[in-house]
Amino acid sequence: MVQAVVVIGGGALSTRALEAIRDDAVIIAADSGLDHAVEAGLRPTVLVGDLDSISASGRMWAYAREVEIHEHPADKDATDTEIAIERALQVPDVRQLLVIGGVDAAGERRLDHQLATILALGHASLAELGSVRAVLGSTALSMLHPGRRSVLDVEPGQTFSLLALHGPCGGVQVTGARWPLHDATLTGTEARGMSNEATDRTEVHVASGVLTVVVP
Numbered sequence: 011m012v013q014a015v016v017v018i019g020g021g022a023l024s025t026r027a028l029e030a031i032r033d034d035a036v037i038i039a040a041d042s043g044l045d046h047a048v049e050a051g052l053r054p055t056v057l058v059g060d061l062d063s064i065s066a067s068g069r070m071w072a073y074a075r076e077v078e079i080h081e082h083p084a085d086k087d088a089t090d091t092e093i094a095i096e097r098a099l100q101v102p103d104v105r106q107l108l109v110i111g112g113v114d115a116a117g118e119r120r121l122d123h124q125l126a127t128i129l130a131l132g133h134a135s136l137a138e139l140g141s142v143r144a145v146l147g148s149t150a151l152s153m154l155h156p157g158r159r160s161v162l163d164v165e166p167g168q169t170f171s172l173l174a175l176h177g178p179c180g181g182v183q184v185t186g187a188r189w190p191l192h193d194a195t196l197t198g199t200e201a202r203g204m205s206n207e208a209t210d211r212t213e214v215h216v217a218s219g220v221l222t223v224v225v226p
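Just add 10 to the spot in the sequence shown (first one is 1) and you have the working numbering.
Bear in mind the hints are in silico, worked out from the structure with no lab data behind them. Model, not experiment: these values are computed from the prediction. There's no promise every hint is true.
[Unchecked claim] Listed next, with one range per pair, are the computed distances between beta-carbon atoms:
# : residue 1 : residue 2 : range
1 : L99       : D163      : 45 to 51 Å
2 : E207      : D85       : 42 to 48 Å
3 : S63       : A137      : 48 to 54 Å
4 : Q183      : E49       : 37 to 43 Å
5 : Q100      : M204      : 32 to 38 Å
6 : D163      : P190      : 16 to 22 Å
7 : A194      : K86       : 37 to 43 Å
Using N, Cα and C, we set each Cβ at its ideal position, and we do this for glycine too.
The task is simple: from the sequences and hints, build the whole structure.
Written out as structure tokens, the structure reads:
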């Protein structure tokens, strides 16, 4: 399956983020994400965004390697990440989407940017993909669109959380966990899905809504 990887700004990429990338992945950089991608040894083939934060050396790297560049106005109604995700959907035969971003020197990311990225991954246009994932800093996330099922990449004793950030989620099932769920409904105003613990082969399914799975 073809994997499209969107690298966003924020800081250096974690080992966990880099390990999630397939060798044959198509790398798309959102603005200064190109700087962090190149620093990590990745070779983006597409650069998108308003290009207000990419370094001069990053621009020169892209020009020298004839990277496909789509520059957008700074005044726009979509974030650079959203634009990059839209471009990722145009990759032929794409079935997997991975968004990766680092943290700054203080170990932080702008909360508004982080929330906007997570919300963008719940867009209906991504529902037909085989997997929609992100690694932000060293935290892994999976977006389960309606009807999707996922076996989590967790070891026994490892913590994971389920969040209904995009609206109510119905028919939630969790097996292989300390607190299993069967046909449960989760909403964005409760923490019922927080801090569960894997006990075995942990599997999560959602019948309706977009469920965010977080593995710290």
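We went through each hint and held it up to the structure:
1. L99 to D163: 45 to 51 Å: Check failed, 24 Å falls outside 45 to 51 Å.
2. E207 to D85: 42 to 48 Å: holds (46 Å)
3. S63 to A137: 48 to 54 Å: Violated, since S63 and A137 (Cβ atoms, about 30 Å apart) do not stay within the stated range.
4. Q183 to E49: 37 to 43 Å: Holds - the Cβ-Cβ distance for Q183 and E49, about 41 Å, lies within 37 to 43 Å.
5. Q100 to M204: 32 to 38 Å: holds (36 Å)
6. D163 to P190: 16 to 22 Å: With a Cβ separation near 19 Å, D163 and P190 satisfy 16 to 22 Å, so the hint holds.
7. A194 to K86: 37 to 43 Å: holds (39 Å)
In summary, the numbered hints that this structure violates are 1, 3.
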